[in-house]
Structure formats: structure tokens, C-alpha cells
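Asks: Sequence:
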Amino acid sequence: MSSTKINIFLTGATGYIGGSILTALLQHPNASNFNITSLIRGDNERIKKLSSLNVTPLIGSNDSFEIIEKAASESHVVIHTANSADDLPSTKAIISGLNKRTKETGKPAIYIHTSGTGVLAEDVCGKAGSNTVYSDLNPDQINGLADEQPHRNIDLFIINSADANPLLKTVIILPSLIYGIGTGPFNRTSVQLPILIRSALNRRKAEMIGPGQATWNNVHIADLSDAYIIIFDQLLAAYGPGAKLDVQVSPYLTTGREGYYFLENGKHTWRQLSEKIGEVLYKKGIAKSPDVTSFPDDEVESSLMGEYSWYLVGSQSNSKAERVRKLGWKPHRPSVFDSVEEQADALINNVKD
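Residue numbers for the sequence shown follow our numbering, so the first one is 1 and each next one is one higher.
These aren't lab readings, by the way, just hints derived from the structure by calculation.
Even glycine gets a Cβ: it sits at the ideal position worked out from N, Cα and C.
One should not assume that every hint holds.
DEER-style ranges, computed between Cβ atoms [said to hold, decoys possible]:
1. Lys320 - Gln27: 25 to 35 Å
2. Asp298 - Asn33: 20 to 30 Å
3. Ile59 - Leu145: 29 to 39 Å
4. Ser32 - Asp338: 31 to 41 Å
5. Ala346 - Lys288: 16 to 26 Å
6. Asn33 - Pro166: 20 to 30 Å
7. Cys125 - Pro89: 38 to 48 Å
With the hints as constraints, model all of the structure from the sequences given.
Replies: Shown next, in the form of C-alpha cells:
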């Protein structure tokens with residue numbers, strides 16, 4: 001990697017994914033060459049904390065178009081994790097800024113966007129879905145998804161923007177269910193697994209939507225961070241400052257319409273996950289029984305996360321993370337089942353605090 005200073009604009013550094021990626025960047029062997037700017041809301045505690053990490057806080061929100069556009073235009077790399085999967089305005093601001101940069105410099109600009117395998121979701125209310133498994137080595141299969149799928153409008157805007165500007169090097173990273181305790185400076189808790197555990201803690205029993213037969217893939221947050229760094233490093237080597245035109249780029253490092261990267265290292269049914277939650281909470285004397293039952297349909301939304309509950313922990317989404325493995329990714333952290341107790345303890349201790 002070049003010794004040139006690399007300007008990185010990171011959104012979501014105070015969140016679960018973005019915070020863990022920030023930690024990975026700060027621990028990078030070439031971290032001394034990184035100038036990291038992070039978009040955050042105006043909170044003095046967070047400003048002080050990020051400043052102490054040599055991160056430049058940029059006050060704003062996903063609605064701050066001009067602020068985001070300017071920061072993107074000044075950056076070699078943008079990594080978007082702040083509600084990025086469903087926030088079109090912030091994505092438009094980033095693309096606009098990077099387009100300005102490529103026009104002014106005549107050099108490539110790199111955009112790493114966080115989507116999710118929810119884009120593949122089948123709305124099956126906990127029942128077994130189809131046998132379809134998506135591979136990121138088959139971008140045509142992914143590009144055949146219906147425009148109405150979750151996240152898809154954002155993904156389409158990105159790949160269409162890359163089509164229109166050959167110097168805009170975009171990749172879309174699609175994590176599956178993420179679990180494990182994060183390593184960022186603030187929020188260290190994910191979404192899907194914790195909402196099932198919180199419900200079980202509140203109702204003193206493990207439950208699932210419908211029969212719990214639907215399947216999802218999963219990935220540990222530390223393995224996710226490793227994948228981001230691998231993709232980041234290889235994009236910089238290929239398109240960053242000082243990139244050598246005569247260096248052969250891996251055929252698996254793709255961008256634009258072919259630049260999809262799934263992240264998964266395991267698979268679960270919702271029943272299996274709830275059974276593990278029941279086992280753990282029964283052992284702790286919290287659940288009255290280790291047995292799993294189905295939520296009454298009229299209590300799903302009030303017990304979990306509103307109308308999104310059916311999608312978050314009742315849909316089906318199956319993928320294979322083949323592309324990033326071809327780039328050298330070797331996930332090795334504990335399985336989602338082995339991480340349930342750690343997550344439960346963290347939530348219990350947080351309530352006590």
C-alpha cells in the first residue's frame with residue numbers, strides 16, 4: 001500500500017458495524033497513513049471520544065447533504081454504514097461528492113457501501129421458504145432481484161451511478177445476520193439476535209415467529225470487520241493513491257454492477273436460534289422452561305420490533321460469501337449458537353446497570 005496519506009470518510013462510527021470497522025481501521029498496520037473523518041450528531045461525549053482516537057468528527061446527520069457531499073469529495077475512500085442500507089439521501093450525497101472528486105482529479109474514487117442480505121428476504125412468516133441460494137459470484141442472479149426488495153432501491157442507485165462514471169469504484173457489502181459483541185467506542189450490540197433475547201427476557205420464555213423453519217445465514221462482527229479490511233486493502237491497492245497500473249488485480253475484486261460481496265459463515269433456522277436462547281435462559285433461571293413456542297400473531301409486533309419484526313426474524317435469506325473468500329477471507333470466530341450466552345449476559349448486565 002502507498003505511503004501517501006489516505007483520506008477516509010466513515011459514516012456510522014458510533015454504531016455497531018461502523019464502530020467495529022473504525023476499530024479495525026485504527027488497528028490497521030498502515031493506520032498512521034489514514035486521515036479518518038466520521039459523520040456524527042453533535043454530542044460532546046462522542047466528539048471528545050472520537051477526537052481522542054485521532055478521528056476528525058464531522059457534525060451532521062444523514063440528511064446533511066452538503067456536509068456529506070463535501071466530505072466525500074475530499075476523500076479517497078468512503079465507507080457508509082450509518083443506516084446505509086435504506087437511506088437514499090445520504091447515498092446520493094456521497095455519490096455526488098465522489099463524482100465531483102473524479103471530475104476534478106481524473107482519478108478513481110472508492111465507495112464501500114453497506115447493504116444487507118435482507119435484500120434477498122422471502123416473506124414467509126417463519127415457514128420454510130424456497131431452496132434459492134444466492135452466490136456473489138453470480139451477479140446476474142443478484143441483479144435479477146425485484147426492485148421492490150428491501151434495500152434494492154439504494155443498491156440500484158449505486159450500480160447505476162457506477163455505470164455512469166467509470167472512475168467511481170463502488171462495492172456493495174451485504175452482511176447476513178450479524179452477531180457478537182462489537183468493538184467500537186459506543187454501540188456494541190446488533191439487532192436481530194438481541195431483539196429475540198430481549199423479548200425472551202421480558203416474557204420469560206423463548207419464542208419464534210410461526211414454526212421457525214425459515215433460514216438465514218449469519219456472520220460474527222469480528223469476521224465482518226476482517227472482510228471489510230480485506231476489501232478496503234485490495235481496492236486501495238488497485239485504485240487508491242499510488243496504485244500501479246501494471247499490477248494485476250484479482251479477477252474476484254469486482255466493482256459496480258458486479259461488485260457484490262456477501263458475508264456469511266453459518267446458517268440457522270429461527271427455531272434453532274430460539275431453542276438456544278431458551279436453553280441459555282432456562283439455565284440462568286430466567287425462562288420457566290427451555291421449550292420454544294410461537295408468538296401469537298397479534299403479539300409479534302409489540303413483543304419484538306414493530307412491523308419490521310416479521311422481516312427481521314421471520315423471513316428467509318440464503319447466500320454464499322464466495323467472492324471475499326477468494327480474496328483471502330477466513331472467518332473463524334465462534335458460531336452464532338456459541339455466542340447466544342455472551343449476548344444474553346451483555347443485555348442482562350446492561351439492564352442491571
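Asks: Compare the structure with each hint and give your call.
Replies: Hints versus structure:
no.: 1; hint: Lys320 - Gln27: 25 to 35 Å; result: holds, 28 Å
no.: 2; hint: Asp298 - Asn33: 20 to 30 Å; result: violated, 56 Å
no.: 3; hint: Ile59 - Leu145: 29 to 39 Å; result: holds, 36 Å
no.: 4; hint: Ser32 - Asp338: 31 to 41 Å; result: holds, 36 Å
no.: 5; hint: Ala346 - Lys288: 16 to 26 Å; result: holds, 22 Å
no.: 6; hint: Asn33 - Pro166: 20 to 30 Å; result: holds, 27 Å
no.: 7; hint: Cys125 - Pro89: 38 to 48 Å; result: violated, 31 Å
Against the hints set out earlier in the document, violations occur for numbers 2 and 7.
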